[in-house]
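Trainee: Since chain A is already given, all that's left is putting chain B on it; use the hints.
Residues per chain, in single letters:
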Amino acid sequence: MNTPLRRVGLAMLCMIVLLLANATYIQIIKADDYRKDSRNQRVLLEEYSRERGKILARSSNNQIQVIAKVQPTNNRLRYLRVYENGPLYAPVTGFYSTRYGAGGLERAEDEILNGSDDRLFVRRLSDLITGRDPRGGNIELTINPATQLAAYQAMEKQGFAGSVVALNPKTGEILAMVSTPSYDPNPLSAHNGAAQEKAWREYNADKRKPMLNRAIAETYAPGSTFKLVVAAAALEDGKTKDDQVTATDRIGVGGSELRNYNRGFCNGSQTTVTMETALSLSCNTAFAQLAHDLDDKLSEQAAKFGIGENDLRVPMKVTQSCIGPGTEQCMTISDSNALYQSGIGQRDVRLTPLQNAQIVAAIANGGERMKPQLVKSVLAPDLSEIAKLDEDSLGRAMSRSSADQLRDMMVASEAKTGGDGKTNGLTIASKTGTAETGNDPKNTPPFAWYVAFAPADDPKIAVAVLVESRDVAATGGKLSAAVGRATINAFLAGGS
Amino acid sequence: MGSPVQGAVGPAAGLSTVGPDGAAPTRRGTELLLLGFAAFVVSAALMLVEANQEEQLTLRIVWYGLAFLALFGAAHWAVRKYAPYADPLILPCVALLNGLGLVMIYRIDLALAERALRTGGEINNDVPKQILWTALALVLFLAVLIVIKDHRTLTKYNYTFGLAGLFLLALPAFLPNVIAPTINGAKIWLRFGPFSIQPGEFAKILLLIFFAAFLVSKRDLFMVAGRRFLGVDLPRARDLGPILFAWGVSLAVLVFQKDLGTSLLFFGTILVMLYVATERGIWVVVGLTLFVGGCFVAYQLFTHVQQRVANWFDPLSTYADAGGGYQIAQALFGLGTGGVGGTGLGAGRPELVPLANTDFIAAAIGEELGFIGLAALLMVYTLLAMRGMRSALAVRDTFGKLLGGGLSFLLVMQVFVVVGGVTKLIPMTGITAPFLSYGGSSLLANYVLVALLLRISDAARRPQTGVRPRPVAQVPIAEDRTVMVQRPPTEQAT
Numbered sequence: 008m009n010t011p012l013r014r015v016g017l018a019m020l021c022m023i024v025l026l027l028a029n030a031t032y033i034q035i036i037k038a039d040d041y042r043k044d045s046r047n048q049r050v051l052l053e054e055y056s057r058e059r060g061k062i063l064a065r066s067s068n069n070q071i072q073v074i075a076k077v078q079p080t081n082n083r084l085r086y087l088r089v090y091e092n093g094p095l096y097a098p099v100t101g102f103y104s105t106r107y108g109a110g111g112l113e114r115a116e117d118e119i120l121n122g123s124d125d126r127l128f129v130r131r132l133s134d135l136i137t138g139r140d141p142r143g144g145n146i147e148l149t150i151n152p153a154t155q156l157a158a159y160q161a162m163e164k165q166g167f168a169g170s171v172v173a174l175n176p177k178t179g180e181i182l183a184m185v186s187t188p189s190y191d192p193n194p195l196s197a198h199n200g201a202a203q204e205k206a207w208r209e210y211n212a213d214k215r216k217p218m219l220n221r222a223i224a225e226t227y228a229p230g231s232t233f234k235l236v237v238a239a240a241a242l243e244d245g246k247t248k249d250d251q252v253t254a255t256d257r258i259g260v261g262g263s264e265l266r267n268y269n270r271g272f273c274n275g276s277q278t279t280v281t282m283e284t285a286l287s288l289s290c291n292t293a294f295a296q297l298a299h300d301l302d303d304k305l306s307e308q309a310a311k312f313g314i315g316e317n318d319l320r321v322p323m324k325v326t327q328s329c330i331g332p333g334t335e336q337c338m339t340i341s342d343s344n345a346l347y348q349s350g351i352g353q354r355d356v357r358l359t360p361l362q363n364a365q366i367v368a369a370i371a372n373g374g375e376r377m378k379p380q381l382v383k384s385v386l387a388p389d390l391s392e393i394a395k396l397d398e399d400s401l402g403r404a405m406s407r408s409s410a411d412q413l414r415d416m417m418v419a420s421e422a423k424t425g426g427d428g429k430t431n432g433l434t435i436a437s438k439t440g441t442a443e444t445g446n447d448p449k450n451t452p453p454f455a456w457y458v459a460f461a462p463a464d465d466p467k468i469a470v471a472v473l474v475e476s477r478d479v480a481a482t483g484g485k486l487s488a489a490v491g492r493a494t495i496n497a498f499l500a501g502g503s
Numbered sequence: 353m354g355s356p357v358q359g360a361v362g363p364a365a366g367l368s369t370v371g372p373d374g375a376a377p378t379r380r381g382t383e384l385l386l387l388g389f390a391a392f393v394v395s396a397a398l399m400l401v402e403a404n405q406e407e408q409l410t411l412r413i414v415w416y417g418l419a420f421l422a423l424f425g426a427a428h429w430a431v432r433k434y435a436p437y438a439d440p441l442i443l444p445c446v447a448l449l450n451g452l453g454l455v456m457i458y459r460i461d462l463a464l465a466e467r468a469l470r471t472g473g474e475i476n477n478d479v480p481k482q483i484l485w486t487a488l489a490l491v492l493f494l495a496v497l498i499v500i501k502d503h504r505t506l507t508k509y510n511y512t513f514g515l516a517g518l519f520l521l522a523l524p525a526f527l528p529n530v531i532a533p534t535i536n537g538a539k540i541w542l543r544f545g546p547f548s549i550q551p552g553e554f555a556k557i558l559l560l561i562f563f564a565a566f567l568v569s570k571r572d573l574f575m576v577a578g579r580r581f582l583g584v585d586l587p588r589a590r591d592l593g594p595i596l597f598a599w600g601v602s603l604a605v606l607v608f609q610k611d612l613g614t615s616l617l618f619f620g621t622i623l624v625m626l627y628v629a630t631e632r633g634i635w636v637v638v639g640l641t642l643f644v645g646g647c648f649v650a651y652q653l654f655t656h657v658q659q660r661v662a663n664w665f666d667p668l669s670t671y672a673d674a675g676g677g678y679q680i681a682q683a684l685f686g687l688g689t690g691g692v693g694g695t696g697l698g699a700g701r702p703e704l705v706p707l708a709n710t711d712f713i714a715a716a717i718g719e720e721l722g723f724i725g726l727a728a729l730l731m732v733y734t735l736l737a738m739r740g741m742r743s744a745l746a747v748r749d750t751f752g753k754l755l756g757g758g759l760s761f762l763l764v765m766q767v768f769v770v771v772g773g774v775t776k777l778i779p780m781t782g783i784t785a786p787f788l789s790y791g792g793s794s795l796l797a798n799y800v801l802v803a804l805l806l807r808i809s810d811a812a813r814r815p816q817t818g819v820r821p822r823p824v825a826q827v828p829i830a831e832d833r834t835v836m837v838q839r840p841p842t843e844q845a846t
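Heads up: the protein sequence lines correspond to chains A and B, in order. Numbering-wise, my numbering comes out as the position in the first sequence, counting from 1, plus 7. Numbering-wise, my numbering comes out as the position in the second sequence, counting from 1, plus 352.
In case anyone wonders, no lab produced these hints; they're calculated from the structure. No residue lacks a Cβ here, since even glycine has one placed at the ideal position from N, Cα and C.
If you only want the chain A side, here are some residues facing chain B, beta carbon under 8 Å, derived:
| hint | residue |
| --- | --- |
| 1 | GLN34 |
| 2 | TYR41 |
| 3 | ASN47 |
Taking lysine to any residue pairs in the SDA-like style, the calculated list, with each CA pair at most 20 Å apart, reads:
| hint | chain 1 | residue 1 | chain 2 | residue 2 |
| --- | --- | --- | --- | --- |
| 4 | A | LYS205 | B | GLY473 |
| 5 | A | LYS205 | B | ARG467 |
| 6 | A | LYS37 | B | TYR678 |
| 7 | A | LYS43 | B | GLY691 |
| 8 | B | LYS570 | B | ARG632 |
| 9 | A | LYS61 | A | ASP191 |
| 10 | A | LYS61 | A | VAL89 |
Chain A on its own, in the form it takes in the complex:
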């Protein structure tokens, strides 16, 4: 009986050898394929325990301000993500959660921040040799902290829901990106799951939508601020600011009538006014008629300003702004009635605050539109520079002479606009807007807009302010202008 027993013993050894051979194949030969499979969460989870890079901003007097950093902890994840002034910068930084993923810049620049970006490779290699844990790269923002703070405080002080976007018109740098009400991203990166969940639920249940980044992720009817686009198209079409346009008190649109804000003629009892006067008084009939006459040239001009672009990243994805219904017909104005209404920024026209800021920035920059960007430079863990912002022109939206005329029209408009924050010696070029919303516009609070740039003769900052107004009687001038001017003043006071 021993012979077959020995053979069985041999068979047992063969089975073990087979297992070992197979384990060699899986764990040594095929190991890399399995390790790098996109469905293997282990690599991702490892990143959570890496020292994530900082998010920084540089103030006007060249001081570096830390917006997001990590704190060492004693638990497994080793580093806790901490945001200084969380709610102020939340629309920029986003959040970083082990449970809910990441948002905002934390997601858009994750590869840099977690250290897996190829540009950090040489440094990672040296980390490997020196035995140090690999660290993530840092991001320096284009945000100007004083401007961001002023804009945020101006909104918060009044309890406004809305957004402020400020751009450097010459470079496209985003100087401020505010969305209110905001949220604190700190609890979302807590290492305590219950705290994360509590905060997440609370933010998402809030009807005021604190986690919505109104600056880039939501579109609003631009109202009268869209008259700038109509005026630009008219100027490009050969008109001048002194050309006469209609001043009629009403235009029939389908079954109803389109009327001026004061429900009378544009300016007293004149039947025509100059385009400049029409813009400064924000006459609806004049721009409705202009839009109607321009027809396709209006949507062409809108496209030159960037409306309809669906691939803009700052580096967060920016929601598409449209003048037509839906994404399929984003740039299509269906009929003449729609043209009239689009001329005053109603009907299907919907812009993000960033898009509206881009329009004024292009006007400020003599007609050339710069790509808005949020990242000034990418820094290695030791703060040496790896990459820096590349100014990127997105093309000419209008000629310099048209831009200059439009600027003059906006300066005239600013003179007619009330609200706080006007300072002597500073010329602002602006346009206000009050967009009707909802199915019952007369009883629904409007969107109050203020778009501006300053100083008018040498623009350094362009802003777009949007307030989701609670007051039915409110107009853009009263509400948003003060916020916009506070933002402009804060930036120019910095001496930049």
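Mentor: Okay, now just chain B, sitting in the frame of chain A:
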């Protein structure tokens, strides 16, 4: 010299490594030393887990190590007393496997608790239950050693064992779902409150004893050759009974309980025992033919079998399917991430693999200890099974040989089926890794298996005591009488 003394009761039994007749060492000291080594390895493993998980080390670990040593010290004492000549490597191997299993289950508990904390789920610690099962298993181990003084007595109850085995095997299939729920697609559990047991685990051993006894008693019949065909002696048709019976039981387990693993184990082990008993390779041919036929039928009939095969073929392509390759793929990701050296105990993510602490514990070990750790683990299993096989070779009675061989093969077969399944060598069939996986029934049954192997190895290494003299109180050598011994006549070489 004085007369030989029985090891267990002799005055020097506690420390002697040399048997009473001076020829066969009991090697109990070696066993104790190796148990101490196993306790050290397990404590070190626990320390690594703590260091990597909580980053705070306390003296607690030393206490755990000592408690572990005490538990197996008790087992060692039982072996010393009831099976003094047993193989000294078997118990330390078991202790090491069981200890590492506990560390791994504890480690996965920590990970699952952390996940529960994050997702707000329920924290369910398995390691206290497994420690309880280990203690119970050692009690059962002790009971088997005490009750079964001689393995040959088992042959007297062979039909009882056989019927009990069949009864236990079939039990879950016939009980209502309240007591016998279907878990993970298989209906093999009996649930009592928080505890569930798999009667099939015990049935395997009972049926194995039955078959060993049955084959020994009818051995001569199977040796008779039937018709000769193409130069091969075919078995007689009526002798096909046992193998057809085993085949039928295996298929029934597959059909009614959807338990591929047990089915495979049972049939494989019976086949090997039949071969050993008859010493005729034709049985292997017959068995494998039946096996292939059974596989073919099962594949045609059952979608879950087809699914398992598809998952085996390419788990990454069935990754997202319901009942697809997700689990195997996760295990492979873990094994791949572990690579040669592993991520380190407590530093990996073994909890990402579903059932990480039962069927897929080999993947957890492969991930955190790497290929090196997995290979070392397989070597421990090999050592354990080979010591069992050695005892089977050395024991004098045919029943002992057959039982020892069968039990040793059963052990390796379990390892092959589960580790092979996890590492995609064969389709996953869902059984536990002996001594390592979480699960009371498997642990209890495998401790019975080891107790029987120790009993057989004790019989194999015990000096022949056909005319063993009664023990006589030993007289200190200085006072002992000096006796003239006549020199035996030497054989003359021619």
